[in-house]
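Taken in order, these protein sequences are the chains called A and B.
Per the working numbering: the first sequence ends with 54, consecutive numbering throughout.
Per the working numbering: the second sequence ends with 249, consecutive numbering throughout.
The reader is advised that the hints may include incorrect statements.
Stated by the list, open to error - Chain B side only, calculated, beta carbon under 8 Å to chain A, not exhaustive:
{"no.": "1", "residue": "Asp52"}
{"no.": "2", "residue": "Leu108"}
{"no.": "3", "residue": "Thr110"}
{"no.": "4", "residue": "Asp152"}
{"no.": "5", "residue": "Arg155"}
{"no.": "6", "residue": "Leu220"}
{"no.": "7", "residue": "Arg232"}
{"no.": "8", "residue": "Arg237"}
If you're looking for bench data, these hints aren't it; they were derived computationally from the structure.
All C-beta atoms, glycine included, are put in the ideal place defined by N, C-alpha and C.
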Amino acid sequence: MELLSMGGYGAYVWTAYALTFGVVIICVAQGRRRHRRVWNDLRSRLRAASERSK
Amino acid sequence: MWTFLHKLSSPPHFYDLAAKMIPWFAAASLLLIGYGTVAGLFFAPPDYQQKDAFRIIYVHVPAAYLSMMAYVVMAVSAGIGLIWRMKLAHAVAAGAAPVGAWFTFLALATGSIWGRPMWGTWWEWGDPRLTSELILLFLYFGYMALRAAIDDTARADRASAVLALVGAVNVPIIHFSVEWWSSLHQGPTLVRAGGPAIEPVMLWPLLAMILGFMLLFAALLLGRVRTEVLFRERRSRWVRKLVYPEEPA
């Protein structure tokens, strides 16, 4: 309990840390999602092109 | 050295090498941030003035450093791309912007959360440190908006590079703002004449967090640049083979 209250500053300290790890997770997820999207986009375009040329 | 650099700037080589490096950077950053968080929250003693509220320093300072470091990386790469017409440099600049914007937001948010109990206010308009950091966020937004508005990649690279270079004057302004003008913000703790003004038991977690977040930035940046390279090289043979290997030759 003592640890959580942070001498009365608990709300500020924990919010700051939660926000930090939230931003880290968002950065990782956003980067991965964008990579997958670019990859899938290219792939479907290439497939469509090769179907058309058949 | 030069052959290494030459090889590095070849897109397929960079794409593979970055994929191999990312897990190492990520693992090292995880270790450092894990240690820094536990030690900063639980082992470092409370500050004699700020009590336990000072623990916000362990996330605020790394975020603020990164917000500026990412901008320097972005502006320098953009400059290299502009002068030597190096496409990979433009890809690095474009990849640094979103990560830098997130860390600028984080520096502003954690600073605001720290300011409330210490200064009695979330935000102070006109404060030089706070205002210049907010301008940094808008520079990132402007850079990304400009890129998004121009379809032709080469033109987007050049126009956004000019913006990044002009905006770079803001970085030293942020850094020296607390010395040039009076600010609510406290002065420098680490980089100051006479050495760091902080006890080792408080300092080590901070250094670990700063280094950990820098390595995290490196991992995030490499990932972003890989995506950029994949998109920019979409017409090349190596990308087509990589993405759609079953294509009949």
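Evaluation of the provided hints:
1. Asp52: holds, 4 Å
2. Leu108: The hint is violated - Leu108/B has no Cβ within 8 Å of chain A, the shortest such distance being about 11 Å.
3. Thr110: holds, 5 Å
4. Asp152: violated, 17 Å
5. Arg155: violated, 20 Å
6. Leu220: Because about 5 Å separates Leu220/B from the closest Cβ in chain A, which is inside the 8 Å limit, the hint holds.
7. Arg232: Given a least distance of 10 Å, the restraint on Arg232/B is violated.
8. Arg237: With a closest approach of 12 Å, the Arg237/B hint is violated.
Comparing the model with each numbered hint stated earlier shows that hints 2, 4, 5, 7, 8 do not hold.
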